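Here the protein sequences come in this chain order: A and B. All the letters of the first sequence, read from the start, carry residue numbers 1 to 114 under the working numbering. All the letters of the second sequence, read from the start, carry residue numbers 1 to 115 under the working numbering.
A few of these clues could be false.
Stated by the list, open to error - Distance windows between CB atoms, simulated:
#: 1; chain 1: A; residue 1: P8; chain 2: B; residue 2: S9; range: 36 to 46 Å
#: 2; chain 1: B; residue 1: I60; chain 2: A; residue 2: L27; range: 16 to 26 Å
#: 3; chain 1: B; residue 1: Q42; chain 2: A; residue 2: D18; range: 43 to 53 Å
#: 4; chain 1: B; residue 1: H82; chain 2: A; residue 2: D18; range: 40 to 50 Å
#: 5; chain 1: A; residue 1: Q14; chain 2: B; residue 2: S52; range: 44 to 54 Å
#: 6; chain 1: B; residue 1: S3; chain 2: A; residue 2: M15; range: 26 to 36 Å
#: 7; chain 1: B; residue 1: S80; chain 2: A; residue 2: E53; range: 16 to 26 Å
#: 8; chain 1: A; residue 1: E53; chain 2: B; residue 2: S12; range: 17 to 27 Å
#: 9; chain 1: A; residue 1: A107; chain 2: B; residue 2: Q107; range: 14 to 24 Å
#: 10; chain 1: B; residue 1: Q42; chain 2: A; residue 2: N51; range: 20 to 30 Å
#: 11; chain 1: A; residue 1: D38; chain 2: B; residue 2: T72; range: 22 to 32 Å
#: 12; chain 1: A; residue 1: V12; chain 2: B; residue 2: N98; range: 36 to 46 Å
#: 13; chain 1: A; residue 1: K67; chain 2: B; residue 2: P40; range: 43 to 53 Å
Think of the hints as simulated: they come from the structure by calculation, not from any bench. Note that this is a predicted model, so its numbers are computed, not measured. Quick reminder that beta carbons are idealized off the backbone N, C-alpha and C, glycines included.
The primary structure of each chain is shown beneath.
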Amino acid sequence: DTAVSQTPKYLVTQMGNDKSIKCEQNLGHDTMYWYKQDSKKFLKIMFSYNNKELIINETVPNRFSPKSPDKAHLNLHINSLELGDSAVYFCASSPGHSGANVLTFGAGSRLTVL
Amino acid sequence: AQSVTQLGSHVSVSEGALVLLRCNYSSSVPPYLFWYVQYPNQGLQLLLKYTSAATLVKGINGFEAEFKKSETSFHLTKPSAHMSDAAEYFCAVSLPYNQGGKLIFGQGTELSVKP
C-alpha cells in the first residue's frame with residue numbers, strides 16, 4: 001500500500017501546454033509539500049499545505065498553482081509550460097509542520113517539456 | 001537564515017571501506033538536522049535525524065551521524081560500505097515552526113561503491 005502516490009510518473013509534453021500532477025497520501029498526515037528536483041539533483045521546496053491551508057509559497061512563477069481539495073490530496077497544475085520546467089517533481093507529506101517532522105516522499109513525477 | 005553545505009558532490013569508496021559524507025550547516029536557532037537517501041529513480045527516504053537529544057544518532061542500514069555544535073557539522077558515516085549503499089545522499093536542516101517548518105536540502109552527494 002503506497003504511502004504517498006503521485007501520478008503520472010512520467011509526463012512528456014510540448015511548450016505552452018497545461019498539465020497537472022496529482023498526489024495522494026494515506027498516512028493521515030496534516031501537511032503536504034511539493035518539491036522540484038532539477039537536473040543537478042538540487043531539491044527546492046515549492047509549496048506546503050497544512051490541513052488544506054497554504055503555509056509555504058516559495059518564489060515560484062504563478063503559472064504553478066497548487067490545489068488541496070482535502071488534507072490527503074495536493075495537486076499541482078502548471079500553465080503555459082516552459083523548457084525550464086523540465087524536472088522531477090516530488091510530493092511529500094508529514095504529520096505536521098513543526099520542523100522536527102520527518103517527510104515521506106512519493107516516487108516522483110518526471111516532467112519533460114519539449 | 002538556515003542553510004546546508006555538503007562537501008563533495010561525488011564520493012567513491014571500495015566495498016568494505018569507511019563511508020564519510022560531510023555536511024555543515026548554519027542556523028540562527030538550534031537546528032533539526034536530517035540525512036535522506038535517494039536510490040535511482042526513487043523518492044527520498046529518511047536515514048536518520050537529529051532533534052536535540054543524543055548527539056550521536058543511529059539510523060537505518062548501519063549509518064550514523066554525529067552532531068557537533070562547535071564545528072556546525074553533521075557528518076554521515078558507515079564503517080563498512082556495501083554495494084547497495086550506492087545512492088544520492090542529502091543532508092537537510094529544517095526551519096522552526098513559525099517559519100513553516102520548511103526543510104532545506106544540501107546539494108547532495110553521490111556515493112559510488114566499487115567492488
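### Task
Take a look at whether the Cβ-Cβ distance between D38 (chain A) and T72 (chain B) falls inside 22 to 32 Å.
holds (26 Å)
Do the beta carbons of S80 (chain B) and E53 (chain A) sit within 16 to 26 Å of each other?
violated (46 Å)
Can you tell me whether the CB distance of Q42 (chain B) to D18 (chain A) sits inside 43 to 53 Å? violated (28 Å)
Verify the CB-CB distance for S3 (chain B) and M15 (chain A) against the hinted window 26 to 36 Å.
For S3 (chain B) and M15 (chain A) the Cβ distance comes to about 33 Å; the hint holds.
| If you check the beta carbons of P8 (chain A) and S9 (chain B), does the distance land in 36 to 46 Å? | About 30 Å separates the Cβ atoms of P8 (chain A) and S9 (chain B), which means 36 to 46 Å is violated.
* Asked: CB of E53 (chain A) to CB of S12 (chain B), is that within 17 to 27 Å?
  -> 45 Å Cβ-Cβ, so the 17 to 27 Å window is violated.
Check: Is it true that the C-beta distance of Q14 (chain A) to S52 (chain B) lies inside 44 to 54 Å, as the hint says?
Finding: holds (49 Å)
If I claimed the Cβ atoms of I60 (chain B) and L27 (chain A) lie 16 to 26 Å apart, would that claim hold in this structure? holds (18 Å)
Check your understanding: Does the Cβ distance between H82 (chain B) and D18 (chain A) fall inside 40 to 50 Å?
Key -> holds (45 Å)
request  = Using the beta carbons of K67 (chain A) and P40 (chain B), state whether their distance is inside 43 to 53 Å or not.
outcome  = violated (30 Å)
- Message: Just to be sure I understand the hint, the distance between the Cβ atoms of A107 (chain A) and Q107 (chain B) should be within 14 to 24 Å; is that true here?
- Response: With a Cβ separation near 22 Å, A107 (chain A) and Q107 (chain B) satisfy 14 to 24 Å, so the hint holds.
- May I ask you to test the hint 20 to 30 Å on the CB atoms belonging to Q42 (chain B) and N51 (chain A)? holds (28 Å)
Hint compliance for this structure: hints 1, 3, 7, 8, 13 are broken, all remaining hints hold.
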